[in-house]
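S.K.: For reference, the chains in residue letters:
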Amino acid sequence: MERGAIIKHDQSKAPKTGNWRYMKPEVDKEKCIGCSTCVGYCPEATIEMKKYKEGQKDKADIDYEYCKGCGVCAEVCPVKAILMKKN
Amino acid sequence: MNKDLTKHHAPGHSACAGCAFPAIVRTVLNEAGENVVVGNATGCLEVTSTLYPYTAWKVPYIHNAFENAAATISGVERAYKILKKKGKVDKKIKFVVFGGDGGTYDIGFQSLSGALERGHDFFYVCYDNGGYMNTGNQRSSATPYGTSTETTPAGKQSFGKMEVRKNLIEIVKAHGVPYAAQANVANLTDLKKKAKKALETEGPTFLLVFSPCTNNWKFPTSQYVNIAKLATETNFWPLYEIENGKYKITYEPNSPKPVAEFLKTQGRFKHLFSEKNKPVLEQIQRMINEEFARIARLAEE
Ligand SMILES: Cc1ncc(C[n+]2csc(CCOP(=O)(O)OP(=O)(O)O)c2C)c(N)n1
Ligand code: SF4
Ligand code: SF4
Ligand SMILES: [Mg+2]
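Protein sequences, first through last, are from chains A and B. Note that the numbering used here gives residue 29 to position 29 of the first sequence, counting from 1, and the numbers run on in steps of one. Note that the numbering used here gives residue 1092 to position 92 of the second sequence, counting from 1, and the numbers run on in steps of one.
One chain only, chain B, in its complex shape:
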């Protein structure tokens, strides 16, 4: 067991072999230091780290419910501020929330919005595996266009999910937060830098991290890093940050690969390679080009 990497989240957890989120959690928390309180929405991370009577968490950790991780941490942060004012605590404590995409884009969305708007001093990290994985791969508003899931199965009548992924970063940004960024588990150096920046910033900060799921995306357990790399190399998942309204691309592929290179690595997109679904594949490529051009334009301003 690696001592440096297990100060907050220890092995013995039951995430699938080859799951991506443990590396995200450890990288983020290593930047937070020892004095940290973690809040966690229901989902794979929570379920796999808290199998009674064992907990993988070595730091104060609160699981409340699926829909209110941000509200819970708001209360803890406010209580801390009051105790600090009264001189009852003097430590500098960081507050970090981990939520899945279901717990962040969908069901915990109002509590996240409320916490951002009230301006609590906390760091919200969403590990985005593009669906409700813990309950068996139902679609969320983070599921990419064209994905086959339990609730959007591809078949004769359907090419998979017909709606476009919600642009959560833009929505978070609209709250006027000082820092929001998109990172990828494949680039741990970039992830680390963004986590550090977010934790050093006063007020609410937000990080959306790409987190492949071997089980429901249907790829071999050894592949999460390769697949996550391809997501950024194809511009499917650009790495950028928004600091006080200013956009910056933190890594840009020299010559982006066609998105098909990324899609073909996963069973959830297998149907897109049929003759019939050619237009869907082309549409996905167009959407990716447009979104990247939009971010690049904003970054130039």
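Bound conformation, chain A alone:
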């Protein structure tokens, strides 16, 4: 046990939950309209809007280190820009 049972957050100790995944979400950046609907619903907070092309809206970008492959993002996307593929 640590002193006083105080445990400090340390992301490097975090389990890399990407290894839970058996389906992998893939964002079709050409299809993505940059609405960020998927961002707030992802249980792992692994989606960020990132620059894709000059003059275009930022597009959804997935961090696979923690993505568990639940498929919520693909389900909520209004233009079906995220597809679940075999991991």
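It cannot be assumed that every hint is accurate.
Mimicking DSSO-like on lysine-lysine, the simulated pairs with C-alpha atoms at most 27 Å apart in a straight line are [said to hold, decoys possible]:
{"#": "1", "chain 1": "A", "residue 1": "K80", "chain 2": "B", "residue 2": "K1264"}
{"#": "2", "chain 1": "A", "residue 1": "K50", "chain 2": "B", "residue 2": "K1007"}
{"#": "3", "chain 1": "B", "residue 1": "K1192", "chain 2": "A", "residue 2": "K57"}
{"#": "4", "chain 1": "B", "residue 1": "K1173", "chain 2": "B", "residue 2": "K1248"}
{"#": "5", "chain 1": "B", "residue 1": "K1218", "chain 2": "A", "residue 2": "K24"}
{"#": "6", "chain 1": "A", "residue 1": "K51", "chain 2": "B", "residue 2": "K1229"}
{"#": "7", "chain 1": "A", "residue 1": "K13", "chain 2": "B", "residue 2": "K1248"}
{"#": "8", "chain 1": "A", "residue 1": "K31", "chain 2": "B", "residue 2": "K1264"}
{"#": "9", "chain 1": "B", "residue 1": "K1081", "chain 2": "B", "residue 2": "K1197"}
{"#": "10", "chain 1": "B", "residue 1": "K1192", "chain 2": "B", "residue 2": "K1257"}
{"#": "11", "chain 1": "A", "residue 1": "K80", "chain 2": "B", "residue 2": "K1218"}
{"#": "12", "chain 1": "A", "residue 1": "K8", "chain 2": "B", "residue 2": "K1264"}
{"#": "13", "chain 1": "B", "residue 1": "K1218", "chain 2": "A", "residue 2": "K16"}
{"#": "14", "chain 1": "B", "residue 1": "K1003", "chain 2": "A", "residue 2": "K51"}
{"#": "15", "chain 1": "B", "residue 1": "K1088", "chain 2": "A", "residue 2": "K57"}
{"#": "16", "chain 1": "A", "residue 1": "K57", "chain 2": "B", "residue 2": "K1197"}
{"#": "17", "chain 1": "B", "residue 1": "K1197", "chain 2": "B", "residue 2": "K1092"}
{"#": "18", "chain 1": "B", "residue 1": "K1173", "chain 2": "A", "residue 2": "K13"}
{"#": "19", "chain 1": "A", "residue 1": "K50", "chain 2": "B", "residue 2": "K1003"}
{"#": "20", "chain 1": "B", "residue 1": "K1081", "chain 2": "B", "residue 2": "K1173"}
{"#": "21", "chain 1": "A", "residue 1": "K57", "chain 2": "B", "residue 2": "K1218"}
{"#": "22", "chain 1": "A", "residue 1": "K57", "chain 2": "A", "residue 2": "K80"}
{"#": "23", "chain 1": "A", "residue 1": "K80", "chain 2": "B", "residue 2": "K1197"}
{"#": "24", "chain 1": "B", "residue 1": "K1003", "chain 2": "A", "residue 2": "K13"}
{"#": "25", "chain 1": "A", "residue 1": "K8", "chain 2": "B", "residue 2": "K1257"}
{"#": "26", "chain 1": "A", "residue 1": "K24", "chain 2": "B", "residue 2": "K1257"}
{"#": "27", "chain 1": "B", "residue 1": "K1264", "chain 2": "A", "residue 2": "K16"}
These are computed hints drawn from the structure, not numbers from a lab. All figures in this text were calculated on a predicted structure; none of them were measured in a lab.
Chain A is fixed; fit chain B with the ligands onto it per the hints.
M.R.: What follows is chain B with the ligands alone, placed relative to chain A:
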């Protein structure tokens, strides 16, 4: 990893793939800002965020026990007030509690009631997944009428849980709190507004948030948002708030869908679609209509 969304609760937690509560926690805490102390009752959120030696919490976080999250935060809030009076702290700190429905409606109920009655300045958020999920789906007083659970299994003799869900918001309201509301993880904008309002209000505030459980409600991991949406679109889970005694419906479906649309998405209600259980299904629809009419009436006053 999304930087804006992970200032308080980080990935690496072990909530089931497709669980609803992480989005609730993040949305609420983003409104609380950096100076916040979180209390948490035992349950899925606590267990999945504190796997030793890792903690998903980036803010001061206290897990005490299943039954006393509100009592624990009461003590912290009172200590803070005294230190502030003595000039030993000058920060404005918010106090937020997360509890499951078991930890809120049932076992932590007396400590919640006490904290509300004493009038501590804190915000209690109950993520309601309608049962004791962390221990394998036992019924709680939040479990809906007709649900099949481990302790109310549907079968030849039973249509599932025979008691009606406790109306916790009304009980909380009876304490005379300045703000109590019902929200849904499917509507993050509404949830965010309610969390903001609750956090800006002095005194005890309460939020009950609909939180689907993929594991025990028995639906695919991709479905929590769709199912939660249906809960509000069928009036199974109305979105409303009570501010200083005044009721307001914050979102109303244009033409509510039959409750069966919501129920049929989940394995826990599968038995309700047999010929034998038709009357139960009809009864559920009646209860939903009555409850919504009651809230609508109060909102008109
Ligand atoms: C006094 C006590 N009784 C029983 C338990 C076992 N227990 C741990 S979590 C839990 C269920 C929690 O249910 P809820 O509050 O609804 O949260 P959920 O797991 O559904 O998120 C139970 C029964 C305990 N920790 N302490
Ligand atoms: S599959 Fe699930 S965990 Fe992965 S990015 Fe989509 S919503 Fe997030
Ligand atoms: S059992 Fe249910 S509530 Fe608990 S982590 Fe899994 S999906 Fe979430
Ligand atoms: Mg529960």
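S.K.: Which earlier hints can't be squared with this structure?
M.R.: The structure breaks hints 6, 7, 8, 12, 15, 16, 18, 21, 23, 25, 26 and 27; every other hint is satisfied.
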